[in-house]
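Assemble the whole structure, with the sequences as input and the hints as a guide.
Residue numbers (our numbering), protein chains in the order written: chain E, 4 to 270; chain Z, 4 to 270.
Be aware that a few hints might be false.
Said to hold, decoys possible - Now the in silico label distances, taken between C-beta atoms and shown as ranges:
#1 E:D172 <-> Z:S267: 33 to 43 Å
#2 E:K230 <-> Z:V258: 29 to 39 Å
#3 Z:T139 <-> E:D172: 45 to 55 Å
Treat the hints as calculated values from the structure; they're not laboratory data.
Beta carbons: idealized from backbone N, C-alpha and C, even for Gly.
There are 2 protein chains.
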Amino acid sequence: MDRRTFVLLSASLLTSSFLPGENKTGQQSKSDAASGKTEDDKRPIIAMVIYPEFTALDLVGPYQFLSALTDYRVVIVAEKVGPVVTDTGMSIYAEQSFEECPKNVAVVFLPGGTSGTIAAMKNASLKRFVAEKAKTAKYVTSVCTGSLILASIGILEGRRATCHWLVRDKLSRFGVKPVNQRVVEDGKCITGAGVSAGLDLGLVLIEKLAGKEYAKQCQLWFEYDPKPMFDSGSPEKARKQDVSMLQNMVTEFRVEIEKLAKSSKRK
Amino acid sequence: MDRRTFVLLSASLLTSSFLPGENKTGQQSKSDAASGKTEDDKRPIIAMVIYPEFTALDLVGPYQFLSALTDYRVVIVAEKVGPVVTDTGMSIYAEQSFEECPKNVAVVFLPGGTSGTIAAMKNASLKRFVAEKAKTAKYVTSVCTGSLILASIGILEGRRATCHWLVRDKLSRFGVKPVNQRVVEDGKCITGAGVSAGLDLGLVLIEKLAGKEYAKQCQLWFEYDPKPMFDSGSPEKARKQDVSMLQNMVTEFRVEIEKLAKSSKRK
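Written out as structure tokens, the structure is:
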């Protein structure tokens, strides 16, 4: 086991080999990744779905951990292949379109955002892709307001889930039970709280897909031993005035979510 | 102050306005960001330097926090404009080339990696850019093995700094004092530990550039209240066998660093 783990980790974490041209993992070559080409990799897919104005860290937190799995292939999927602009300006490249994404999707993942997420909740082709892949996926996952997209599709109906603390309560408008917890698991659905919770979700998913020991080794590799200089990362710990200030900032966002909840009820 | 903070945070964090076309922040428009065009924004620059096979989370952790600063403009800079492939296959778009990057760089940032970082330490144009901007920058910063690039340029000479735990000791080969700490500050140089330490570095930089209260508000916005399911994120906490296993994996990487240290001594 330890020998196997070593080989797996070595292969996975040191994909960037010192021997040029060598491909230790069977992962698609880097130029293929950039160009969005498909190739002969038959491993189950972790489909990380992106859309205009998603939040970069929502994606990259879990992405970094999930990329350490050797028995799965992480693919960034969007409506079209090419750069997708996040809500802060950084562009991340989508390797595959919804049409190109292979059938064997083991994990579906959705990042959050604000107005971009509202648009995604109205995007029929994104919702169709997620709904279809979710049927056969082993896990359906999200970070931050990504859970609102899953909720709007009906995937979380009757389940426990989490979301960014500022709009977590809105999950109930889609028949979902909001839970105040960093990562919430209910059956095949695993949701993470706001933005930075993606790192904790990533670790949970590694544990599910490759076991506890491998997850711990990845935590050590990524030196995930967080030490924020302040302790204001949740509304329970932050100053009351900061909590109210941020609540005021999302009034319009909450109205938009509410509208979508109402229209989804009518259907 | 609270009113000002509110306006700043609102502008910064809700750039993705619900009113289409409105630009609350003066940030470059999203299409400009994607196309790498320059524009009329005169704010001081936070230049986040990327290179082939850097580690995605090293960049995106601090990027997410720094993007919340309204008085600074975050720019992803590389040798050429266009997608840069990380060490796990994801491509992130460089908005500006070294030549295009404006003079008013307030913060220089370098992510780490493994073989890609070795290549960066040998890349004359990258080193020239970083050395030049570091002279006038307010802060010179890094995450993970990014500090080895700074060290190879001589920027950290005689200073205290940190790095990924697996190669932290190698800093001393470049005349730098290695410190076992999540974020290390020595004068204008602020370095973070391995990969996920970028989130903690981001918070430190926000505190420096916009004050303690703003940093706490950002921590709450990004819900940075980490709760990893295991506590194996440092060699002091992890199982001894995992520590040795990972140490064995980087033997070749350490040899490459050593070679660079020797050749830099000869100059």
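Exercise. Which numbered conditions among the earlier hints are violated in the structure presented, ordered from lowest to highest?
Worked result: 1
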